[in-house]
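Chain A is already provided as a structure; the job is to place chain B on it using the hints.
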Amino acid sequence: MSAPAQPPGRPHGQPSGLPMVRIRAVRKRFGPLEVLKGIDLDVPAGSVVCVVGPSGSGKSTLLRCVNRLETIDSGRIWVNGELMGYAERGGRLHALRPAELSRQQRGIGMVFQRFHLFPHRTAIENVMEGPVTVLRTPAAQARRQAAELLERVGLADRAHHYPAQLSGGQQQRVAIARSLAMRPSLMLFDEPTSALDPELVQEVLAVMRDLAASGMTMMVVTHEMSFAREVGDQLVFMDDGVVVERGDPREVLAAPRHDRLRAFLGQVL
Amino acid sequence: MTQEKAPAAELPIDAVRPARPGRWLGAAAALLFLVWLAFTVIVNENLHWDVIVAYLADGRILGGLWVTIQLTVLSMAIGLALGVLAAVMQLSDNPVLRGTSALYTWFFRGTPLLVQLIFWFNIGLVFPTFAIGVPFGGPKLIEWQANEIITPFTAALLGLAINEGAYMAEIVRAGIRSVDPGQREAAESLGMSHRQVLRRVVLPQAMRVIIPPTGNQFISMLKTTSMVSVIAGAELLTVAQRIYLGNFEVIAMLVVASIWYVVLTTIASVGQHFVEKRFERGHVRLSSRVRRNLRPLTSKEPS
Numbered sequence: 001m002s003a004p005a006q007p008p009g010r011p012h013g014q015p016s017g018l019p020m021v022r023i024r025a026v027r028k029r030f031g032p033l034e035v036l037k038g039i040d041l042d043v044p045a046g047s048v049v050c051v052v053g054p055s056g057s058g059k060s061t062l063l064r065c066v067n068r069l070e071t072i073d074s075g076r077i078w079v080n081g082e083l084m085g086y087a088e089r090g091g092r093l094h095a096l097r098p099a100e101l102s103r104q105q106r107g108i109g110m111v112f113q114r115f116h117l118f119p120h121r122t123a124i125e126n127v128m129e130g131p132v133t134v135l136r137t138p139a140a141q142a143r144r145q146a147a148e149l150l151e152r153v154g155l156a157d158r159a160h161h162y163p164a165q166l167s168g169g170q171q172q173r174v175a176i177a178r179s180l181a182m183r184p185s186l187m188l189f190d191e192p193t194s195a196l197d198p199e200l201v202q203e204v205l206a207v208m209r210d211l212a213a214s215g216m217t218m219m220v221v222t223h224e225m226s227f228a229r230e231v232g233d234q235l236v237f238m239d240d241g242v243v244v245e246r247g248d249p250r251e252v253l254a255a256p257r258h259d260r261l262r263a264f265l266g267q268v269l
Numbered sequence: 270m271t272q273e274k275a276p277a278a279e280l281p282i283d284a285v286r287p288a289r290p291g292r293w294l295g296a297a298a299a300l301l302f303l304v305w306l307a308f309t310v311i312v313n314e315n316l317h318w319d320v321i322v323a324y325l326a327d328g329r330i331l332g333g334l335w336v337t338i339q340l341t342v343l344s345m346a347i348g349l350a351l352g353v354l355a356a357v358m359q360l361s362d363n364p365v366l367r368g369t370s371a372l373y374t375w376f377f378r379g380t381p382l383l384v385q386l387i388f389w390f391n392i393g394l395v396f397p398t399f400a401i402g403v404p405f406g407g408p409k410l411i412e413w414q415a416n417e418i419i420t421p422f423t424a425a426l427l428g429l430a431i432n433e434g435a436y437m438a439e440i441v442r443a444g445i446r447s448v449d450p451g452q453r454e455a456a457e458s459l460g461m462s463h464r465q466v467l468r469r470v471v472l473p474q475a476m477r478v479i480i481p482p483t484g485n486q487f488i489s490m491l492k493t494t495s496m497v498s499v500i501a502g503a504e505l506l507t508v509a510q511r512i513y514l515g516n517f518e519v520i521a522m523l524v525v526a527s528i529w530y531v532v533l534t535t536i537a538s539v540g541q542h543f544v545e546k547r548f549e550r551g552h553v554r555l556s557s558r559v560r561r562n563l564r565p566l567t568s569k570e571p572s
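Sequence lines, in order, name chains A and B. Residue numbering for the first sequence follows the numbering used here, beginning at 1 and increasing consecutively. Residue numbering for the second sequence follows the numbering used here, beginning at 270 and increasing consecutively.
Source of the hints: derived by calculation from the structure; they are not laboratory data. It is possible that part of the hints are untrue.
[Said to hold, decoys possible] Just some of the chain B residues that point at chain A, by a computed CB distance under 10 Å:
1) GLY451
2) GLU454
3) GLU457
4) MET461
5) PRO473
6) PHE548
[Said to hold, decoys possible] List time: in silico SDA-like cross-link candidates among lysine to any residue, alpha-carbon distance up to 20 Å:
7) B:LYS492 x B:THR535
8) B:LYS492 x B:ILE347
9) B:LYS492 x B:LYS409
10) B:LYS492 x B:ALA346
11) B:LYS546 x B:ASN485
12) B:LYS492 x B:PRO450
13) B:LYS546 x A:PHE118
14) B:LYS492 x B:TYR530
15) B:LYS546 x A:LYS37
16) B:LYS492 x B:LEU523
17) B:LYS546 x A:GLN165
18) B:LYS546 x A:HIS161
19) B:LYS546 x A:TYR162
20) B:LYS546 x A:PRO54
21) B:LYS492 x B:LYS546
22) B:LYS409 x B:PHE399
23) A:LYS37 x A:ARG27
24) A:LYS37 x A:PRO54
[Stated by the list, open to error] Some chain A residues near chain B, calculated using beta-carbon distances under 7 Å:
25) GLN105
26) MET110
27) ARG114
28) GLY130
Cβ coordinates follow ideal geometry from the N, Cα and C atoms, glycine included.
One chain only, chain A, in its complex shape (with noise of 0.2 Å):
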């Protein structure tokens, strides 16, 4: 699992300009509070954005919104190229039922600040569950799968331990190989280094840099900002529910435009 020193600009999965996300006018509320205000925003297949801001900016309401585990109120949402909730017929949108979203759910990997590994099965089983049940892959050849998965998170030793029995930062990367065995053509990642202590977040970092380098199209909400700056094809600066600033991470960094985004980089810099 060594990371390769990452100069700006990835190997392949260059920007295709087909976008593998395409949000546009999205608003959502929780009662009275109105979280996300309008956003658009395009993530181009292949390309890694990272979503930064304060908190309650509406940044992980964004990215559960991708995956609808948070319904939205008004905007749409396109996930390589499918409408994500509902299907356009006749001039009007029909709610899709819930085995149709379960397929465009599981094209879409999700990784938790949390980790929520399955406590009661191992690592190996954790990144079996989705093939087997889903997928309805045979045993052996999920089992397969999940071998090199660990393998390629640099956890092939630890592949009949329970969660309880790993780091925080080894919990994360099971949970990482748990989403790529859905073969998704589309990475989450909701504050993924935020629960991990300070020695564990580049162990976690360093898998993602691979998982940036394989050309995965990436959805990066992070307080990391030097990943963002080697890794991030476009930074986004979320606050209180609009996007404030976007561009080039490096470029974007280096120089600010917005006032709240130099506040918020001299808090967490």
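For chain B alone, coordinates are given in the frame of chain A:
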């Protein structure tokens, strides 16, 4: 970083314990009481120990014991199934299903089991026949007379199982709610359907919370079956009563029944212990090393 110096010479702790006279006094008093109790019970001729020993393995008693075991296992199994169904209905977002489930637990927890048992036994007075066919007065395919199918055993099973289901519903519901919502989200984002999330992720973890009170319910059910004696259910207590109505050995027969109840509950307690261990899988206590690596959820500040 400074290097630790070589450890100092060992310092064994070989302390003198303080005197604790109260401890010895209490133990002596309790022991004396137990010896006295055992003595009075053993030498008491009114207990008829010879009769107790003679009837302990009596064929009728063993038959009643078997009925008690059957009633307990079957009504717990049906009660658990009803409880899971009612709990899942209670947690669904369909208000009609939620209401139906709430009505069920409300009614059966609100009326005494004894009343329910007598009611089921006499259900023929309300519904003389049972039929499978089109409801609301449509044609019938098969029809039974209530008096034929409602035996004391089926009435007991109905009463115990349906009553148990209402209690199990609450236990299962608490178990399901104890599972971290993040588990559900993680499973959903793998593309699992609601049924798969429930079966593969939520229920196995809920079992850890459901099992201990279910074990208590089972042990309690072993003894609750004795209520069936009001409708002559042919279980352990009914049989013991029938025998003492013939030989007037009331206390001896009750002791015989009690001995068997204690044996059953003891076996069930041991079984409960092993089932609980089985469902502890993955829930090893977090070592301090692992816990150190987890920061509380609230501290989101980046390094």
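Each hint, compared with the structure:
no.: 1; hint: GLY451; result: holds (4 Å)
no.: 2; hint: GLU454; result: holds (5 Å)
no.: 3; hint: GLU457; result: holds (6 Å)
no.: 4; hint: MET461; result: holds (6 Å)
no.: 5; hint: PRO473; result: holds (5 Å)
no.: 6; hint: PHE548; result: holds (8 Å)
no.: 7; hint: B:LYS492 x B:THR535; result: holds (12 Å)
no.: 8; hint: B:LYS492 x B:ILE347; result: holds (17 Å)
no.: 9; hint: B:LYS492 x B:LYS409; result: violated (40 Å)
no.: 10; hint: B:LYS492 x B:ALA346; result: holds (16 Å)
no.: 11; hint: B:LYS546 x B:ASN485; result: holds (15 Å)
no.: 12; hint: B:LYS492 x B:PRO450; result: violated (37 Å)
no.: 13; hint: B:LYS546 x A:PHE118; result: holds (18 Å)
no.: 14; hint: B:LYS492 x B:TYR530; result: holds (7 Å)
no.: 15; hint: B:LYS546 x A:LYS37; result: violated (50 Å)
no.: 16; hint: B:LYS492 x B:LEU523; result: holds (13 Å)
no.: 17; hint: B:LYS546 x A:GLN165; result: holds (17 Å)
no.: 18; hint: B:LYS546 x A:HIS161; result: holds (18 Å)
no.: 19; hint: B:LYS546 x A:TYR162; result: holds (16 Å)
no.: 20; hint: B:LYS546 x A:PRO54; result: violated (44 Å)
no.: 21; hint: B:LYS492 x B:LYS546; result: violated (25 Å)
no.: 22; hint: B:LYS409 x B:PHE399; result: holds (10 Å)
no.: 23; hint: A:LYS37 x A:ARG27; result: holds (5 Å)
no.: 24; hint: A:LYS37 x A:PRO54; result: holds (16 Å)
no.: 25; hint: GLN105; result: holds (5 Å)
no.: 26; hint: MET110; result: holds (4 Å)
no.: 27; hint: ARG114; result: holds (6 Å)
no.: 28; hint: GLY130; result: holds (4 Å)
This entry does not satisfy hints 9, 12, 15, 20, 21, going by the numbered hints stated previously.
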